[in-house]
Amino acid sequence: MEYFLNEQQKTLKSLARRIAEERILPVRAELDEREEFPWGIMKDLAEADIFRIFIPEEYEGLGGGCFELCLAVEELSRVCSGVAVSYAASALGSFPLLEYGTEEQKQKYLPDIASGKRLAAFALTEPTAGSDASAIKTTAERVKGGYVINGTKQFITNGGEAEIYTVIALTDKARGARGASAFLVEKDTPGFSFGKKEKKMGIRASSTRELVFRNCLVPEENLIGKEGMGFIVTLKLLDRSRPGIGAQAVGLAQGALEAAVDYARKRIQFGHPIISLPVVQNMLADMAINVEASRALTYAVARTIDSGAKNFTEEAAMAKVFASDIAMKVTTDAVQIFGGVGYMRDYPIEKMMRDAKITQIYEGSNEVLRSTIAFELRKRKARRE
Amino acid sequence: MVCLKQVPGTPKVNIDPQTNTLVRQGIKNIVNPFDTYALEEGVRIKERYGGKVTAISMGPPQAEEALREVISTGADEAILLSDSAFAGADTLATSHTLARAINKLKQYDIIICGRQTTDGDTGQVGPELAEMLGIPFVAYVSKIEEIDNGYMRVKRMVEDGHEVIETPLPTVITVVKEINVPRLPSLRGLARARSAVIPIWTAQELGADKNMVGLSGSATRVIRVFFPQRVHHGEILQGDLEGQANSLIDKLREAKIISGS
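Which chain is which? The protein sequence lines are A and B, in order. The numbering used here applies: residue 1 is where the first sequence begins, and numbers increase by one. The numbering used here applies: residue 1 is where the second sequence begins, and numbers increase by one.
Be careful, since some hints might not be right.
Claimed, not checked - Below are the BS3-like pairs computed for lysine-lysine, each with C-alpha atoms no more than 27 Å apart in a straight line:
1) A:43 with B:52
2) A:357 with A:199
3) A:43 with B:256
4) A:10 with B:28
5) A:43 with B:46
6) B:143 with A:43
7) B:28 with A:13
8) A:117 with B:28
9) A:117 with B:143
10) B:46 with B:143
11) A:187 with A:197
No wet-lab data here; the hints were simulated from the structure. As the structure is a prediction and not an experimental result, all values here were calculated from the model.
One chain only, chain A, in its complex shape:
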């Protein structure tokens, strides 16, 4: 399919593919088995300037947008989505800064994120606050010269590995969702430590960990935006990052489709390769149609965002929901085509199925996002658009 990529985008796509095939492919099974954070690959990505693509040129980035990020995430995810999400989480952690940071904050942190010297992370979820993010309990109390943070964040991607964290905490408990604020917290700040490292079903190369704040004092200048803007920052950030989850799902599904076609051509049963069986052909055809459709939707949404659209909540949710549901279906069908060996860990396909599941859950569960889309539909009807 022709997606009209410009020269830079083509270069990025082919370089990301090369890194995935030369550096990630040989180690992905081991990273998954050992639940090991892929520092070596993060270094390769950094040296190749892949962390620069989502940072503006003024801060030593290459000035790409949501679409460029999607291209990189898709290619990495085609080989290992655990690695891809570790990369993408650094982008997620830097978005609040990009959008609402002061010039000083940007100068201080963005060049290191662009060079890949330091990873970033975003911390919202808590044990009592998943889909209902307004139920967070972590507080940031105003004191002389700064804020004291107390509470525990859960399931934080890049937790323990990242050095720059964007943390959402309540500065005014009485105001609920309107009383939340976003803070930059650096690793090694006194009072900030790491709790349990989760053992996961999929994306096992990535780190998912608890962040524990006990009277953690952060300086005043680490507040992102204004007090009370925490949830505005969060909603904006998630709208912007959801196509990235779509791209992760597209890459995963693409990888599974390619593996399934390859296997179906080689696997001989009843004297013929199983790809000659109509039932297998139908499955592969549906997989291919769905992968291409989710790619087209994801790219279109990413480009809508990059074109400067103001409100893209609905579109971003569509890309994420559609592509992740497709990734789950395609990877499940790919395991089915592999049959018995597909269920075994010696083959890469069961990992893809395990990796796919999270894309339907995180950054807004597909159920919550469907209701978000429905809400937008009702709003539009009410406005008689």
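Please build the complex by placing chain B on the supplied structure of chain A, with the hints as guidance.
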């Protein structure tokens, strides 16, 4: 300074029955894999000590691709030595041509070559180049330990172990693949590679004597191409320095490698 060559990217090549040289038409070319370690080491030296990495290659016009590739992986500049007069060169004529280019550039501290190419497999260009430039040479370097004050200390691989050698600069070294893991291109490197101007130096620009370059400057002709059998015959001499030197001379005489008294 890094010398490199573009080679066929596949082991399935044909030999021209007339000239016994490689048929290069219709094959995707790559940078000689051994030379990528040379380039990477050059870039690492630059990152550690400063300086500039210049890549030089002799080859047909399409070898420019190889030079753009090394710019994308860290070389600062690249020069292509290309002229129909250079065609058909053996290692002697190649080294002569490279040496002229390096002399023309004047300023250099370290010249790094891959241990050998994957097409010709001779491993001769590095040492020949050092000889022609009249500077020291260390082969099979597996680690650069230190560069300081006009000297460089390196570890080189020998048949059954390592040697640590200190050499004054400038010097020529050839490196083995154990020395590093070459990096992949970077996006900024690729952008630089796209727009880089790669000068082409011809025989005239090098002031080269036509009888010293290309086929006419070659002292050898390829008669037959085959895989040699590997024989290991390493022997460590014992005794004091003088005794070792004497027994080495005796052995070389015995083997008729040297003659006279």
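Hints, one by one, checked against the model:
no. : hint             : in the structure
1   : A:43 with B:52   : holds, 23 Å
2   : A:357 with A:199 : holds, 15 Å
3   : A:43 with B:256  : violated, 54 Å
4   : A:10 with B:28   : holds, 20 Å
5   : A:43 with B:46   : holds, 19 Å
6   : B:143 with A:43  : holds, 21 Å
7   : B:28 with A:13   : holds, 21 Å
8   : A:117 with B:28  : violated, 36 Å
9   : A:117 with B:143 : holds, 26 Å
10  : B:46 with B:143  : holds, 15 Å
11  : A:187 with A:197 : holds, 16 Å
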